[in-house]
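Undergrad: The chain contents come next:
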Amino acid sequence: MSAEATQETKCLVTVNGTAKEIDGPPHTNALDFLRGQGLIGCKEGCAEGECGACSILVARSDGQGSRWTAVNACLLPAAALDGQEIITSEGLGSVAAMHPVQEEMANRGGSQCGYCTPGFVCSMAAEYYRPERSSQPAVSAGDGEAHQCGPNGFDLHALSGNLCRCTGYRPIRDAAYALGTPETEDPLAARQAQPVPEPPATDIQRADTPTGDLGRFRRPTDLDQALQILAEEPDTVLLAGGTDWGVEVNIKGARARSVLAIDRLAELRQSRWTEKFLELGAGCTLSEVERQLAGKVPLLSKLFPQFASRLIRNGATMGGNLGTGSPIGDTPPALLALEAELVLSSIRGNRMVALEDYFTGYRQSVREPGEMITAIRIPLPLSELTSFQKISKRRFDDISSVAIGYAVRAEGGLITKARIGLGGVAATPLRAISTEAMLEGKPWNLETIRAAAHTMGLEGTPMDDHRASAEYRKAMLAYSLERFYAQQHSRCAAEEGEQNS
Amino acid sequence: MSQLSQRPGISVVGQRHRHESADGHVTGTALYTDDLSQRLSGVLHAYPVQSTHAHAKILGIETSAALAAPGVIKVITAQDIPGVNDQGAKHDEPMLPVDEVMFYGQPVAWVLGESLEAAKAGAKSVTVDYEALESLITIKDAMAANSFHGIQPEIAKGDPEGAFAQAAHVFEGDFEFAGQEHFYLETQNSLALVDENGQIMIHCSTQHPTETQDIVSHVLGIDANEVTVQVLRMGGGFGGKEMQPHGYAAVAALGAVLTGRPVRVRLDRTLDMTMTGKRHGFHATWKIGFDEQGRFLGLDAQLTADGGWSLDLSEPVLTRAMCHIDNSYWIPNIRVKGRIAKCHKTSQTAFRGFGGPQGMLVMEDILGRVAPQLGLDARELRRRNFYTEGQNTPYYQPVRHPERLEAAWSQVLDTADIAQREAQIREFNAAHEHTKRALALTPVKFGISFNLTAFNQGGALVLVYKDGSVLVNHGGTEMGQGLHTKMLQVAATALGVPLSMVRIAATRTDKVPNTSATAASSGSDLNGGAVKDACEQIQARLAQVAAGKLGVPAHEVRFGDGQVTALGKSESLDWKEVVNAAYFQRIQLSAAGYYRTEGLHWDLSRMTGSPFKYFAYGVAASEVEVSRFDGSYVLRRVDIVHDVGDSLSPLVDLGQIEGGFVQGSGWLTLEDLRWDTSDGPGRGRVATAAASTYKIPSFSEMPEVFNVSLLQKAHEEGAVYGSKAVGEPPLMLAFSVREALRQAVAEFGLAGQPVELASPATPEAVFWAIESVRKGA
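Protein chains in written order, with my numbering: chain Z, 1380 to 1880; chain S, 21 to 797.
Just so you know, the hints here were simulated from the structure itself, not pulled from any lab data.
Hints should not be assumed to be uniformly reliable.
Claimed, not checked - Straight-line alpha carbon distances no greater than 25 Å define the calculated BS3-like cross-link-like pairs of lysine-lysine that follow:
1. 569/S with 596/S
2. 1853/Z with 795/S
3. 357/S with 307/S
4. 733/S with 531/S
5. 1853/Z with 1821/Z
6. 140/S with 1631/Z
7. 486/S with 357/S
8. 486/S with 307/S
9. 733/S with 1631/Z
Model, not experiment: these values are computed from the prediction.
Put together the whole structure using the sequences plus the hints.
TA: Following this line, the structure appears as structure tokens:
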């Protein structure tokens, strides 16, 4: 099939077990689509993936079977659901036959005004069905960002992207922690044993604005096809999760002539370990990478719980977070510290670019027209002293004022290598080159750290904005090293304590 | 016990019941205003043209390009308003500006389109010609320019100057603190249609349907009987839907009249945050005197409320702030002056607590600041100044039941192991250089009733059908606070039927007229009194019927749990049987109920009287841990004892306490409302106008341990079934979080240093406070 084929396909999504045709303009998000279907349980609270009132469940592949994955419907183009299965709060249960999650929420006072409730119910159901839940006790991610888990293994981070203005959350937590295990005959639990259908090729082109301008949404079936389209239409918008694009569409009214969905391409979803490097597929969501790595890259383990919310991590991809080029994305500081390289692909072939050379200006990069990020490579071995420090107003689901990633190696009491990635302190993410130089070759002690603090405070060119003042950002940089050192120190102390006890 | 407060032997009030709409909430089937627009055909969508200036003259509005745009049906400007162009209660708030815009984001015109997309595109093609005028954005700008509006009341009692002269310690200071965005999850929504015979039907997310009706009728230039407002439920209100919905309802109604089609006005989050009023930020200056023992001798304070461009509810908000500056403390000599800054921002409005939190915050801030200088533990300083029996407030209202404050305080000290935990905290702090912990207790005393006496009335219409089922209409609105749940419990109790036999009807102005806003925490008191009254009228009639059947005098008939019995008789009748018999005897099975709060009086000109029926009390203890590296903190544990009287519905009350606390804690520590104060083109714009930039508490702000108890033996004579209002008072329990943060900050410096803390105490604000005490150390 050539990229020229424009034969419009029918877009079908299975909603609560019934096939529905997606026939609106291509920019229509899943939230508006569902509400148009009369499924009014899906609510708009913010239209930018912050509040979770529109949370729905999508069956997503987890390699063998599928898993019910909660996502923000407001950020997802409805057309991106072509061929997929979704469940809304109405599909989980009814007033006459409530789902266990719904029963707990209703009984324990988990709803007051009720507007956020269907979204909470969906996020909670996803965690209810998470296969590892009951077998997974509280796991510490380090840096004081321990997962808060209930006695039933319920990870409270599953609800980090849902806002409630009425309850104060305690009854919702109690409802979550009271959940049992799905019955074997539970149809949604049973569904998880089955694989998801292969993503179909989607290609729709319809009037997308009141003036009749056309918009096209395509999901190619393989990378070659995607690269071919991108070569022919370099201004096409790449959709790799959509958590950024959805905001552009909803809040800023952006409309693209052409959108190319690449997040399901098999070629972008492979991760592998070699002796020299770890390669992460750019189309993998943050949640998927978190599962695949299973703690084997400690710096990323520290990053994940601080990256937006579970709902966003279920949508956002590694490639997308880099592709948007935002100076306040949370993966770049960590990946810069890990000395990541990007695989940029086009019909001309692949090229490697070090992440530190990738960003060129505010939302600008060396990525050329016709290129896309297909993988991220992290060289091995990893440095053992790591930290991810995110400075923000709110602990869950916030955007960084400053983010700092550390990967430091100390041998024989000397710092042999220091890599520090920074976000939020300049128009691009950047490395703290001067500070790294101050550290390398010096003893790994508080004196060295304090000596370098001043230099660290001068890295970047922080600005004043509504998130933080420039002075605060500078102070955060200056204190960051000491905090990093204290974290390592307290971790050693904690480990010694464990060995002694 | 009063007749109003006494409970019958079989009582549905007091039982733990889930929210009456809980099943609909969790299954996503409960309907909100905007859900109704999906059920109508031909609905037009409205989108505003917003001012791009904080203050400017309008030289012209050009709509022709918009009208020519595809899908645009109509552009509404001030010229289209047939009646009075005003959406407020003080006639200073044009629904659409004629010649002057007063804040950035103010709607200048509304475009009606076949789709929201068409309306938005149309709004973009409307051009407005402005001549920029000088603008005042911050409260300090307005104070410097002497720009005020509305009343400038004064509370005066005793001789503060004389008190300062005698005082062992006198302190002075000032304090400016931020407002708060309501951030109800459901934004403002109205859906209007022209019904049969020109009747205007408006579905609206409003806390004040009667005022919505009034304003729509005067905007349209028609009588109130031609307008019906219905409220199914709101996705949160918090005061933000007391005054704010009226203008949008009027736009929808006017659009429906002009086009003959249903019109939907739904503000998206950005519109809502840039157009609607918020909690008032305040500026305060104060001078305070203490005796040797740390007891108040005198206070002199000036409160300036940041009112925004129009008055809205700023006057009563200011009045309540002034009436609450004492919080829980006896101040023998006091003078408080109040005024309202007028500036070019959204018009600030009601928000849970309605000025009370602002007044009390000033006092709690003073106490937290001066305690180290008095050489007293802040906890001891607070307790030492509690009201005791026989004392009265600065406005001369006797403080009834002050012993409840002491009881709640002792109970928290006891059940929360305060002494033991303080010792643990001292150990922790000695062992940790980078993180410090602290624990603080703060009290709440909050006056219940509308300050304006006339608003303290409620109405209900209770219908009993032939089959015995009951439908309750009342004037209150449901915004999540559980009012309907409580009213069902009141009706079931008053009629003596099981809860399952009673249903609630949507709030409608054509069922119960002339209602007060569901506000001031008064929903259950006022509407509960009215529902009870209606039920008792019906029950009295049914008692006659039952008396005839049972062969006893009517006063010996008893109702309970769907059975009708008589004293000393073993025979019982089924409720349905009695109802059916009553129908055939041609006995009226419906009744309009009415309630007014007795014993209130208030002289606004002198700021004296007894405006409140009673006070609600509460005490909270909060423990925090703060990091010096970035000022971030966690709320480790919260213990609350709160006075809800005899609870009507314990699960509902618990939810109000917890939710109010977390919302208050959001205001004080996290929610950072910013305006563009630069001289650039965005001057006056709300800089935090989205969920991504304005952060309300999420799961990470929930206290890790959260223990809430209801104060026992708390019967309230003056309210329905012995209960007390609960909507607002718990919000102010969150002062304990802010004071704990202040004390944790102090732990980084030398003992005895006063700590000034900005509000909100964001991590950045806490960080700078720590830096400041460490420099002092």
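Undergrad: Please go over all the hints and tell whether each is borne out by the structure.
TA: A quick look at each hint next to the structure:
1. 569/S with 596/S: holds (13 Å)
2. 1853/Z with 795/S: holds (18 Å)
3. 357/S with 307/S: holds (12 Å)
4. 733/S with 531/S: Not satisfied, since the Cα-Cα distance of roughly 37 Å exceeds 25 Å.
5. 1853/Z with 1821/Z: OK: residue 1853/Z and residue 1821/Z at ~24 Å, within 25 Å.
6. 140/S with 1631/Z: Holds: residue 140/S and residue 1631/Z sit about 11 Å apart, inside 25 Å.
7. 486/S with 357/S: With a Cα-Cα distance of about 58 Å, the restraint between residue 486/S and residue 357/S is violated, given a limit of 25 Å.
8. 486/S with 307/S: Violated: residue 486/S and residue 307/S sit about 66 Å apart, past 25 Å.
9. 733/S with 1631/Z: Violated, at about 56 Å.
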